[in-house]
Amino acid sequence: MNSKTLSIKDIALQTVKLEAAAIAQLANYINSDFEKAVQLIYDCKGRLVISGIGKSAVIAQKIVATFNSTGTPAIFMHAADAIHGDLGMVQQDDIVIVISKSGESPEIKLLVPLIRNFGNTLIAIVGNTESYLAKHSTLILNTTVSQEACPNNLAPTSSTTAQLVMGDALAVVLMEMRGFGSEDFAKFHPGGALGKKLYLHVSDLYVNNEQPRVGAGAGLKEIIVEISKKRLGVTAVVNEANELLGIITDGDLRRMLEKHNSFDAVKASDIMTTSPKTVSPDALAVEALDLLRGFDITQLVVVDQKKYLGIIHLHDLVREGLI
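With the first letter of the sequence shown counted as 1, position 277 gets the number 276 in numbering that gives the first Met the number 0; the numbers rise by one all the way through.
What the hints contain is simulated information worked out from the structure, not anything from laboratory work. Keep in mind it's a predicted model, so treat the numbers as computed, not measured. The C-beta atom is built at its ideal place from N, Cα and C for all residues, glycine as well. Wrong hints could be hidden among the right ones.
Claimed, not checked - DMTMM-like, lysine to aspartate or glutamate: derived pairs with alpha carbons at most 20 Å apart:
#  : residue 1 : residue 2
1  : K306      : E239
2  : K276      : D203
3  : K276      : D303
4  : K229      : D251
5  : K276      : E209
6  : K220      : D249
7  : K220      : E182
8  : K305      : E319
9  : K196      : D183
10 : K266      : E242
11 : K186      : D203
12 : K220      : E257
13 : K134      : D32
14 : K196      : E319
15 : K276      : E257
16 : K54       : E103
17 : K229      : D249
18 : K228      : D251
19 : K134      : E242
20 : K220      : D269
21 : K305      : D249
22 : K306      : E257
23 : K108      : D85
24 : K220      : D203
25 : K229      : E209
26 : K44       : D92
27 : K196      : D263
28 : K266      : E225
29 : K305      : E242
30 : K35       : E209
Unchecked claim - Between beta-carbon pairs, the in silico distance windows are:
#  : residue 1 : residue 2 : range
31 : V285      : A26       : 31 to 37 Å
32 : D92       : F187      : 21 to 27 Å
33 : Q90       : E182      : 27 to 33 Å
34 : V171      : N116      : 30 to 36 Å
35 : K108      : D203      : 52 to 58 Å
36 : E129      : I322      : 49 to 55 Å
37 : Q146      : K61       : 21 to 27 Å
38 : S181      : K306      : 41 to 47 Å
39 : D289      : D92       : 44 to 50 Å
40 : E182      : R115      : 26 to 32 Å
Could you put the whole structure together from the sequences, leaning on the hints where they help?
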């Protein structure tokens, strides 16, 4: 690939194609060693300790994060630090995965015999199956690539992509074997939008808002004051048992003002919408979002057995990062 004669787009496309080819080639390496590795990890009573050097160390950290977030306990151990004391983090029941393109790095050659002396299972994710690392590992997960995407065929590009995808393949298979579902995922991702989509409920939102309400006989001034004071653009209309009768939005008020010349006799029951869109407090916040979008509205009334509980607004979902 001659970057001097190719356009920016051509170089980018060539990079994508080379890395895609490297991923496709991995299909040839999903073999019995891969299956044995998965079973060993699944049966492991300890943790996964994943190590590497250079760019492979960065990939190792990402794979560790993926395992931890999908139900397989894992820790990262930098190969250079391991031979200067960090090897002490490896416990008897742990499985060690070492990631390397060449399998011949000096740090790897120092680390491998130490791991073997400990008696731990050693799995290699390696791009050279004839390397020192490969020859001294229990199992080999082959990530050989034909060519780096780098124009000089030097910078780890296709090879690190292959390493990452091999790690993802392990993690996803283990997710399936463990029956790791959406509820499990939410437990491990409570702070992000992904987790919130799975665990955040309407009941977590409406309690943070005011609860605008008026009686059916409320006059115009009371209605306007309640909508303005509670700052949600709406008020519920309830009976003496706090059961929802309807709602009045600021839009309802504007339309009423356009139609009437006299307002003294206007009551809440005259202008309320009697069949507003409602949602249960037990509904997921994303389900409420679907309702808001489906009906092109900005508020939902929260009710439980006809009892009025509060209001959630589109802005509540924006604040939670669901939009």
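Right, here's what the structure says about each hint:
no.: 1; hint: K306 to E239; verdict: holds, 11 Å
no.: 2; hint: K276 to D203; verdict: holds, 19 Å
no.: 3; hint: K276 to D303; verdict: holds, 13 Å
no.: 4; hint: K229 to D251; verdict: holds, 16 Å
no.: 5; hint: K276 to E209; verdict: holds, 18 Å
no.: 6; hint: K220 to D249; verdict: holds, 13 Å
no.: 7; hint: K220 to E182; verdict: violated, 47 Å
no.: 8; hint: K305 to E319; verdict: violated, 27 Å
no.: 9; hint: K196 to D183; verdict: holds, 13 Å
no.: 10; hint: K266 to E242; verdict: holds, 18 Å
no.: 11; hint: K186 to D203; verdict: holds, 16 Å
no.: 12; hint: K220 to E257; verdict: holds, 16 Å
no.: 13; hint: K134 to D32; verdict: holds, 14 Å
no.: 14; hint: K196 to E319; verdict: holds, 10 Å
no.: 15; hint: K276 to E257; verdict: violated, 25 Å
no.: 16; hint: K54 to E103; verdict: holds, 14 Å
no.: 17; hint: K229 to D249; verdict: holds, 12 Å
no.: 18; hint: K228 to D251; verdict: holds, 17 Å
no.: 19; hint: K134 to E242; verdict: violated, 74 Å
no.: 20; hint: K220 to D269; verdict: holds, 14 Å
no.: 21; hint: K305 to D249; verdict: violated, 23 Å
no.: 22; hint: K306 to E257; verdict: violated, 32 Å
no.: 23; hint: K108 to D85; verdict: holds, 16 Å
no.: 24; hint: K220 to D203; verdict: violated, 32 Å
no.: 25; hint: K229 to E209; verdict: holds, 6 Å
no.: 26; hint: K44 to D92; verdict: holds, 6 Å
no.: 27; hint: K196 to D263; verdict: violated, 46 Å
no.: 28; hint: K266 to E225; verdict: holds, 14 Å
no.: 29; hint: K305 to E242; verdict: holds, 5 Å
no.: 30; hint: K35 to E209; verdict: violated, 58 Å
no.: 31; hint: V285 to A26: 31 to 37 Å; verdict: holds, 35 Å
no.: 32; hint: D92 to F187: 21 to 27 Å; verdict: holds, 22 Å
no.: 33; hint: Q90 to E182: 27 to 33 Å; verdict: holds, 29 Å
no.: 34; hint: V171 to N116: 30 to 36 Å; verdict: holds, 33 Å
no.: 35; hint: K108 to D203: 52 to 58 Å; verdict: holds, 53 Å
no.: 36; hint: E129 to I322: 49 to 55 Å; verdict: holds, 53 Å
no.: 37; hint: Q146 to K61: 21 to 27 Å; verdict: holds, 22 Å
no.: 38; hint: S181 to K306: 41 to 47 Å; verdict: violated, 30 Å
no.: 39; hint: D289 to D92: 44 to 50 Å; verdict: holds, 45 Å
no.: 40; hint: E182 to R115: 26 to 32 Å; verdict: violated, 40 Å
In terms of the numbered hints stated before, the structure departs from hints 7, 8, 15, 19, 21, 22, 24, 27, 30, 38, 40, listed from lowest to highest.
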